[in-house]
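As given, the protein sequences belong to chains A and B, one line each in that order.
When the count follows numbering that gives the first Met the number 0, it moves up by one through the first sequence with no breaks and lands on 43 for the last residue.
When the count follows numbering that gives the first Met the number 0, it moves up by one through the second sequence with no breaks and lands on 539 for the last residue.
It should be emphasised that the hints constitute simulated quantities derived from the structure, not laboratory data.
Relax, there's no trap hidden among the hints.
SDA-like cross-link-like pairs, simulated, lysine to any residue; straight-line CA separation at most 25 Å: (1) B:Lys439 to A:Asn25; (2) B:Lys418 to B:Ile448; (3) B:Lys183 to A:Gln32; (4) B:Lys178 to A:Leu26.
Some but not every residue of chain A turned toward chain B, in silico, with C-beta under 8 Å: (5) Thr3; (6) Phe7; (7) Ile10; (8) Thr14; (9) Trp16; (10) Gly18; (11) Leu19; (12) Ile23; (13) Asn25; (14) Leu26.
Estimated spans, in silico, between C-beta atoms of each pair: (15) B:Arg179 to A:Met12: 32 to 38 Å; (16) A:Ala21 to B:Asp519: 34 to 40 Å; (17) A:Ile23 to B:Arg500: 39 to 45 Å; (18) B:Ala225 to A:Trp16: 27 to 33 Å; (19) B:Glu147 to A:Met0: 43 to 49 Å; (20) B:Lys9 to A:Ile23: 26 to 32 Å; (21) A:Trp16 to B:Cys54: 16 to 22 Å; (22) B:Ile160 to A:Ala21: 44 to 50 Å; (23) A:Val13 to B:Ser360: 47 to 53 Å.
Just so you know, even glycine gets a beta-carbon here, dropped at the ideal spot from N, CA and C.
Chain by chain, the residues run as shown.
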Amino acid sequence: MTTTAIVFMVIAMVTVWGGLVAGIVNLARHPEQADDEPPVPVEL
Amino acid sequence: MATATTQSPKREAFGSRNVFILSAIGSAVGLGNIWRFPYVAYEGGGGAFLIPYLCALLTAGIPLLFFDYAIGHRFRGSAPLAFRRMHRAAEPLGWWQVLICVVIAVYYAVIVAWAAMYTWFSAQLTWGAGNEESFFFVDFLKSADVAEVGVSTDFVPGVGIPLIGVWVVVIGIMALGVKRGIGKANMILMPLLTLMFAVLVVQALFLPGAMDGLNAFFTPNWEALADPGVWASAYGHIFFSLSVAFGIMVTYSSYLKRKTDLTGSGLVVAFANSGFEILAGIGVFAALGFMAQAQGTDVAGVATSGIGLAFVAFPTIVSQAAGGSIIGVLFFGALVFAGITSLISILEVIVAALQDKLGWSRIRTTLTVSIPLAVISMALFSTTTALSVLDTADAFVNAFGIMAVALVAVVVVAWVLHKLPVLQEHLNRRSSFTVGMIWKIAIGALAPIVLGYLLVTELISKISEPYSGYPAWFLAVFGWGMVIALVILAFLLSLLPWSGRSHAKDDPEYDDFLVDEHYDPDPETGAVQIQKTDEKGAVA
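I would like the entire structure built from these sequences, with the hints used as guidance.
Here's what the structure looks like:
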């Protein structure tokens with residue numbers, strides 16, 4: 000593969016798969032709440 | 000909360016947020032990701048295509064996905080019910096989307112049936128090396144020319160019998176319901192699909208010539224970015240790839256629990272869909288690089304998409320490669336799984352709509368909807384003229400069905416009903432990723448401009464010359480006539496009254512939801528004035 004092609008392959012993978020990983024991490028940090036659970040208390 | 004007077008069954012729901020996400024990915028990842036994206040990207044400037052592609056994903060794909068989620072989740076219904084709850088006069092939009100799904104479902108099923116047969120053929124190299132093209136069109140499909148024979152009724156058993164099988168499988172999944180059928184099917188098929196595809200890509204990368212294919216796929220051609228057509232194709236592709244705007248995401252999000260993080264889930268779905276496309280691009284072009292080398296030509300000479308890629312180019316690769324049968328089984332197996340998970344999401348739009356309208360049980364509605372669809376599918380697509388009907392219906396329903404309904408929906412919701420602030424507030428109230436002015440501009444301004452441009456381009460190209468050179472009467476029926484009929488039927492279906500048992504008239508769960516969220520009560524559902532008690536324990 001040429002260097003240019005490799006660079007663009009890496010950019011494509013990093014942006015799209017990186018976006019996926021970022022999305023999954025964000026979701027994992029906001030776990031699912033059951034419908035009948037009270038909301039998480041907000042500290043003032 | 001829902002008191003003893005509650006008669007209607009609870010709305011179905013996905014088992015968890017993750018099941019919903021997998022199902023939404025299952026819907027979005029379809030045949031288009033595998034056989035369409037690689038060629039669109041290659042044609043649109045290779046590596047440089049990433050720029051319009053990401054722009055389209057961020058400014059149109061994801062905003063429209065959020066738009067669908069917000070409608071389905073805020074109004075908690077299938078497409079017609081959700082639009083009706085938004086505004087009585089918007090109901091036809093929902094039925095238009097349902098009817099688009101009817102058209103797509105009947106032809107989508109036959110492609111899955113072909114892929115299933117080709118999984119089998121790959122294992123045995125049934126087509127005979129060098130004979131791939133004529134095997135597909137002549138031996139397998141027994142294709143006849145519509146200009147000569149009209150719409151044929153000659154049954155082709157090699158297609159018709161597997162088509163029955165596909166319908167039996169999907170009807171079975173649909174009858175089991177959202178949680179046990181759709182949710183479970185996606186929980187099994189999606190990991191399997193990902194695994195199979197990953198193995199396929201690795202194997203393709205080891206073929207001689209694979210690197211030439213990747214060079215062709217990733218080397219940027221910057222001049223392409225100056226061509227507005229490339230930008231249009233990026234937006235068009237993202238739009239079709241994410242399954243937005245024809246009811247699927249509205250329906251699926253109506254099965255989510257009330258407090259689900261909508262935008263956070265949507266981002267995962269959107270990037271997973273694109274991630275799969277990149278993987279498919281690598282796999283397909285590695286294989287095409289091999290094919291080019293084996294035939295002593297360059298990649299440009301073999302690059303193709305759609306049915307030609309899957310059923311002519313890939314069988315050729317399977318014949319020529321060492322371990323080709325494994326590549327073939329993985330590739331066609333992946334097409335079958337990707338197709339089934341998308342097909343069930345398309346069918347769910349129809350089943351959910353009728354379930355809401357009639358207030359019937361799951362199984363009764365599924366059978367009432369699916370069996371006639373299976374019969375139509377068999378009648379049109381297991382005969383010798385299937386390919387022409389499929390090609391025409393697909394081209395017209397994409398352009399003047401999906402794209403047109405998307406344009407009308409964003410304009411009506413943003414500019415006629417002024418509902419974007421309501422949807423925005425609903426998304427932000429429960430989501431980790433909040434949307435603001437940019438989202439409203441993307442939906443209210445950018446989406447109508449882009450969709451309008453794409454629609455006009457399609458109109459000009461389809462009016463200026465007969466599509467694919469088919470006879471005028473044929474295009475009048477399966478092209479123009481079909482897309483116009485969808486709109487007329489959508490209005491007629493909206494005129495039919497909703498029965499007292501339907502969810503539009505009787506939905507205590509929805510009333511409960513409105514009270515909990517402090518939304519205005521729905522004027523139509525019976526129990527508007529259920530007094531809201533504070534003790535949460537009364538819910539159970």
